[in-house]
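**Student:** Protein chains in written order, with the numbering used here: chain A, 1 to 139; chain B, 1 to 279; chain C, 1 to 185; chain D, 1 to 361; chain E, 1 to 121.
Just so you know, the hints here were simulated from the structure itself, not pulled from any lab data. All the pointers check out, no bait thrown in.
Computed cross-link-like contacts, DSS-like style, restricted to lysine-lysine with a CA-CA straight-line distance of at most 30 Å: (1) B/Lys25 with D/Lys179; (2) D/Lys314 with D/Lys91; (3) E/Lys23 with D/Lys211.
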Amino acid sequence: MFFYSLKNLFSPPATLEKGTPPPKNYRGTILYFEETCIYCKKCEMVCPPGAIIFTYPEDGSKKLKFHYNPYLCIYCGECVRACPKPGTLVQAETPSPPATADQKPNDQWFEIEKLAVESKKKWQEARKRMREQKNKNQQ
Amino acid sequence: MKTLLLVLAILAPLLGGIIYGLERKVKARMQNRMGPPILQPFYDFFKLADKRPLQVHSFHTLMGIAFFLAAWFAVFSLMVGPNLLVAIFLHVLALLFITAGGFSVKSPYSVMGALRELTHILAAEPILVFAVVGLYLASGSWNVIDILHSEPPPLLKMPLVFAVLLLTLPILLKKSPFDISEAHQEIIGGWEIEYSGIYYEAVYTAKWLEYVFVYFIIFLFGGANYLLGLGLVLLAFLFVALIDNSTTRLTIHHMVKFSLGVLLPLAAFNVFWVALWGH
Amino acid sequence: MFKFLKRFRKKSPWILHYNTGSCNGCDIEIYACLAPKYDIERFGMLNKGNPKQADILLVTGPVTKRARARLLRIYMQMPEPKVVVAVGACACTGGVFRHMYNVENGVDRYIPVDVYIPGCAARPENIIAGIEKAIEIWEQKSRDRLELPKVCTKTLDGKQPIDRRQIVEELVGKYTEKLNPEELL
Amino acid sequence: MGKKFVVPFGSQHVALPEPIRFVFTTENEIIRNVAVDFGYVHRGIEKACMSKFKYTQVPYVVARVCGLCSISHASGYCLAIETLMDIEVPKRAVYLRIIAHELDRIHSHLFAVSHLCEVAGYENLFMRVMRDRELVMECLEIFTGNRVQYDFVTIGGVNRDLTKEVYEELKPRLEELEKRLLQLKEIFEKDYTLQMRWKGAGVITKEMAQKYNAVGPIARASGLATDCRVEFGYFPYEELGYRMVLYHEGDIWARNMVRVDESLVSIEIAKNAMDNLPEGEINVRVRGNPNGEALVRWEAPRGELLYYVKGNGKPVLERLRIKTPTFSVIPVMKELYYNQPYALVPDITISFDPCLSCTAR
Amino acid sequence: MKNFQEEKITPDQLREKIKSFYKEDEWHFITINGTDTGKSIEVKYFFAKYGKKEPVYALSLEIDYDQTLPSITDLIPSAWIAEEELYDLLGVKVEKAKGGIFLEPDSPKAPLRKSFQPKEK
Ligand code: SF4
Ligand code: SF4
Ligand code: SF4
Ligand code: SF4
Ligand code: SF4
Ligand code: SF4
Ligand code: SF4
Ligand code: SF4
Numbered sequence: 001m002f003f004y005s006l007k008n009l010f011s012p013p014a015t016l017e018k019g020t021p022p023p024k025n026y027r028g029t030i031l032y033f034e035e036t037c038i039y040c041k042k043c044e045m046v047c048p049p050g051a052i053i054f055t056y057p058e059d060g061s062k063k064l065k066f067h068y069n070p071y072l073c074i075y076c077g078e079c080v081r082a083c084p085k086p087g088t089l090v091q092a093e094t095p096s097p098p099a100t101a102d103q104k105p106n107d108q109w110f111e112i113e114k115l116a117v118e119s120k121k122k123w124q125e126a127r128k129r130m131r132e133q134k135n136k137n138q139q
Numbered sequence: 001m002k003t004l005l006l007v008l009a010i011l012a013p014l015l016g017g018i019i020y021g022l023e024r025k026v027k028a029r030m031q032n033r034m035g036p037p038i039l040q041p042f043y044d045f046f047k048l049a050d051k052r053p054l055q056v057h058s059f060h061t062l063m064g065i066a067f068f069l070a071a072w073f074a075v076f077s078l079m080v081g082p083n084l085l086v087a088i089f090l091h092v093l094a095l096l097f098i099t100a101g102g103f104s105v106k107s108p109y110s111v112m113g114a115l116r117e118l119t120h121i122l123a124a125e126p127i128l129v130f131a132v133v134g135l136y137l138a139s140g141s142w143n144v145i146d147i148l149h150s151e152p153p154p155l156l157k158m159p160l161v162f163a164v165l166l167l168t169l170p171i172l173l174k175k176s177p178f179d180i181s182e183a184h185q186e187i188i189g190g191w192e193i194e195y196s197g198i199y200y201e202a203v204y205t206a207k208w209l210e211y212v213f214v215y216f217i218i219f220l221f222g223g224a225n226y227l228l229g230l231g232l233v234l235l236a237f238l239f240v241a242l243i244d245n246s247t248t249r250l251t252i253h254h255m256v257k258f259s260l261g262v263l264l265p266l267a268a269f270n271v272f273w274v275a276l277w278g279h
Numbered sequence: 001m002f003k004f005l006k007r008f009r010k011k012s013p014w015i016l017h018y019n020t021g022s023c024n025g026c027d028i029e030i031y032a033c034l035a036p037k038y039d040i041e042r043f044g045m046l047n048k049g050n051p052k053q054a055d056i057l058l059v060t061g062p063v064t065k066r067a068r069a070r071l072l073r074i075y076m077q078m079p080e081p082k083v084v085v086a087v088g089a090c091a092c093t094g095g096v097f098r099h100m101y102n103v104e105n106g107v108d109r110y111i112p113v114d115v116y117i118p119g120c121a122a123r124p125e126n127i128i129a130g131i132e133k134a135i136e137i138w139e140q141k142s143r144d145r146l147e148l149p150k151v152c153t154k155t156l157d158g159k160q161p162i163d164r165r166q167i168v169e170e171l172v173g174k175y176t177e178k179l180n181p182e183e184l185l
Numbered sequence: 001m002g003k004k005f006v007v008p009f010g011s012q013h014v015a016l017p018e019p020i021r022f023v024f025t026t027e028n029e030i031i032r033n034v035a036v037d038f039g040y041v042h043r044g045i046e047k048a049c050m051s052k053f054k055y056t057q058v059p060y061v062v063a064r065v066c067g068l069c070s071i072s073h074a075s076g077y078c079l080a081i082e083t084l085m086d087i088e089v090p091k092r093a094v095y096l097r098i099i100a101h102e103l104d105r106i107h108s109h110l111f112a113v114s115h116l117c118e119v120a121g122y123e124n125l126f127m128r129v130m131r132d133r134e135l136v137m138e139c140l141e142i143f144t145g146n147r148v149q150y151d152f153v154t155i156g157g158v159n160r161d162l163t164k165e166v167y168e169e170l171k172p173r174l175e176e177l178e179k180r181l182l183q184l185k186e187i188f189e190k191d192y193t194l195q196m197r198w199k200g201a202g203v204i205t206k207e208m209a210q211k212y213n214a215v216g217p218i219a220r221a222s223g224l225a226t227d228c229r230v231e232f233g234y235f236p237y238e239e240l241g242y243r244m245v246l247y248h249e250g251d252i253w254a255r256n257m258v259r260v261d262e263s264l265v266s267i268e269i270a271k272n273a274m275d276n277l278p279e280g281e282i283n284v285r286v287r288g289n290p291n292g293e294a295l296v297r298w299e300a301p302r303g304e305l306l307y308y309v310k311g312n313g314k315p316v317l318e319r320l321r322i323k324t325p326t327f328s329v330i331p332v333m334k335e336l337y338y339n340q341p342y343a344l345v346p347d348i349t350i351s352f353d354p355c356l357s358c359t360a361r
Numbered sequence: 001m002k003n004f005q006e007e008k009i010t011p012d013q014l015r016e017k018i019k020s021f022y023k024e025d026e027w028h029f030i031t032i033n034g035t036d037t038g039k040s041i042e043v044k045y046f047f048a049k050y051g052k053k054e055p056v057y058a059l060s061l062e063i064d065y066d067q068t069l070p071s072i073t074d075l076i077p078s079a080w081i082a083e084e085e086l087y088d089l090l091g092v093k094v095e096k097a098k099g100g101i102f103l104e105p106d107s108p109k110a111p112l113r114k115s116f117q118p119k120e121k
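Put together the whole structure using the sequences plus the hints.
**Tutor:** Written out as structure tokens, the structure reads:
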């Protein structure tokens, strides 16, 4: 070890430059492209921590709103594998950036979780109303 | 000469900080990494001054500050003061202060560190005394100025004492393998654990003063040949860094055995040899 | 005077690491940060195992019920100014452990968190980036701002011994009351 | 007779990456009594896997039981489910699992080794081992896409293939690592102060290991030949160059050496598996729900890992039981502390390479 | 598909049974597992042989929710930790177990029982 220490003293350090990017195929942030999504909610169902949540529109239409929390995501990639439409969910090769306190990643998510439950109820009611309307119209 | 030494003693904390910074850099490079900037200790110094201080109780704090002051006085009496022995005495006193501080709080790590520090004193100070006695025998005076004018350099008369002093450095400066009283991974710094903010600063800088104190004694072995003195200091510095980086921490028993069983007899042998037959 | 000293803060952040029930993944990444490849000492950071001398608290893990009192105690022992960095998904929001019966879903329910570092596990590069952000926030903080209520009123008569444990427990009680107990399940 | 002195160790301590709390009663720095609290990390994973998660999600959850051997947990669980449901895993997937698992073992062992150096106060060696460990971390990152949580294994196979490009990235790194590990081994064998500190310290005799049912490297350092890779026989380890590493001293040094030697064996296994990779699919589709019970003993880096699963024909399991290696060594660890000097506590603790996150789950 | 050998016994036979076959240098005691079946608690003791490629051997018994289970810590010294866990997480009354190794006062009691259902989110 004496020799090793001396040798190191005169050789360049092994320290990496700051900000070296991760290697190819790193499992980073999940990106969502709404155009191709068919709202099958498979991604929400498979996600272990529940980092993907859909909230429902109040008017009962099928266009759900996608929410993703990079501070809850465990970057397992299950959602990407589960998605039936390739290209809707893509896993980027860079990690998500750190957030500061004013972004409130946790508190906001509690609200979204609550919202998802509430909006689903409202949405179901709206759907029911729509169906009843339709039935009425048919009669 | 005298004024130069006075200035040096006043600037001792600064000097110590630079030595500490250099040491951290060299250590990092020996570990194959970049390491902090050399002025890092001073950044730490200013940062600590900016923290909100927490006090355990006033005696504890007082002991920390007393440690710093006594260490500084030790440096003064070494560089300008009358007598080398006084310097050693003050140095021991400084360590005793911090030990008392360590004992005065309830934290078990602190008490344990203080207990171990006592053993450190026991192991290292006798050798320091021998080193000073060696210097006295070589130059015929207890005074620094005389030692700094002595020809030939004391090193030639006291090679064994110098070698022993070199080997004691890890104990004195609390470096691996004998960093037992601090032992970051066991007792998280030992007696310094309960200090914080500006009070920790006193302890932190007092340690820099120890560097100056110890390296100046080494410098004295160069006698009138200042270049030789500087060379010795550089050698000692590198030696300590190398040892620190190439050994594990040993236990307190190893330390006492090594110091009192090997180092002390060697130093004593050299000193008595010179005292009895040297002239 | 303090303005002058403030400038040096960003050059000497001393970190303290506490694991509140993580899987170790993020902890070993913090250790990897100390190693030559990422060497955080080049930014002046030291791993101080001592809350009284630390400036940045790195917390990993979703805060289990047993760890929270200790977490609060460590947080209170750290002198101001200080910042807290939540490392990894589970420290930020609970991660996979969210809504399990013995965890509290993230560090920020107990102590104020300044920076959240995502990832499971957080990459060392990302941890360094997060700490840099934390240092920016740290520079803005004032040295006497107390972030938790000063709860110790027991010393008024100057005689009664201080039971820190009790203080912490009271504090935990205070903070748990504020949360909806049903949410904790 | 010295004064009795109570020293807490943990839960927050520099030598510990994880919260475990010991309270030692010492006498002149000699330990006379010890109490241990390892419940800081209890999160309730077993219950969550039995109520909240579907069985197909569980591999990603159990991987988070522990970051150091996430792949052991995921594979142990998947293997148990596959046995339960009679799924034949493609041979290529089996080999890929072996590679990932052995790389994971290297990373875990090297972390333990470096950590042991760190607590022994040998900072330079800590840095050196950590630097060399980065090689295997890079391998794992390139191979699976993350440095710690690989999420590589699923029920029925694996998630990623080992392409030619990846192979070319991995091979030179492993060879370099092997060279460096051999140098390291020499240091551990020769270094004087290390021997002084570790040899003869914290000795677990073979009898003690048997009495308290020690597992993994701790048992093998005491001369107790037990290894689930042989005893359970789930993978073709023998054909890939597996051999058991056995030391008989039972002290800290031996435990360290077992880890170093096993890393070398693991490199060999990984290289062999990489060179003889069979062609074919990497996973099969899984249908239906588990019904019945199965049990897997898996050799994680720290020793025997037990997965017991019981399904009842529903997507959510009826029982999932994880018995982790550290859970098994805590009794022997507690016994070992008596009459040791406090100065050795960090070394002894870390020489067990304790991982509490899986002990408490 | 079951891949281990199982032998059904009653709680009273447990100690006799273990005494009769358990030898320290031959058998490796793995752990104790408890499962709530909905009617009672099924407890399994797992053993393996050192160095042999044999299926794991399990002793299985069923006890009622409030029945006391005899301790085997004096026969197998490392069993205390598994017994404590059984007591803590499943609420099985094991002789001498004190509990509290994992759970805090405000954690749910005996969380692994079926009677405890965590809130679905
Ligand atoms: S990567 Fe995993 S955790 Fe993240 S959103 Fe997708 S499924 Fe959820
Ligand atoms: S799985 Fe894909 S298509 Fe389906 S909802 Fe999610 S993103 Fe849209
Ligand atoms: S994959 Fe096709 S059939 Fe299946 S849910 Fe999506 S749209 Fe429907
Ligand atoms: S850290 Fe330890 S010594 Fe300090 S107050 Fe807390 S319990 Fe007491
Ligand atoms: S964020 Fe993921 S890797 Fe980090 S501690 Fe939590 S579970 Fe482990
Ligand atoms: S009791 Fe008073 S003095 Fe003590 S910590 Fe609390 S507030 Fe501070
Ligand atoms: S014992 Fe440790 S390394 Fe092994 S599976 Fe458990 S957590 Fe992972
Ligand atoms: S011993 Fe357990 S907690 Fe520790 S690293 Fe291993 S699995 Fe994780």
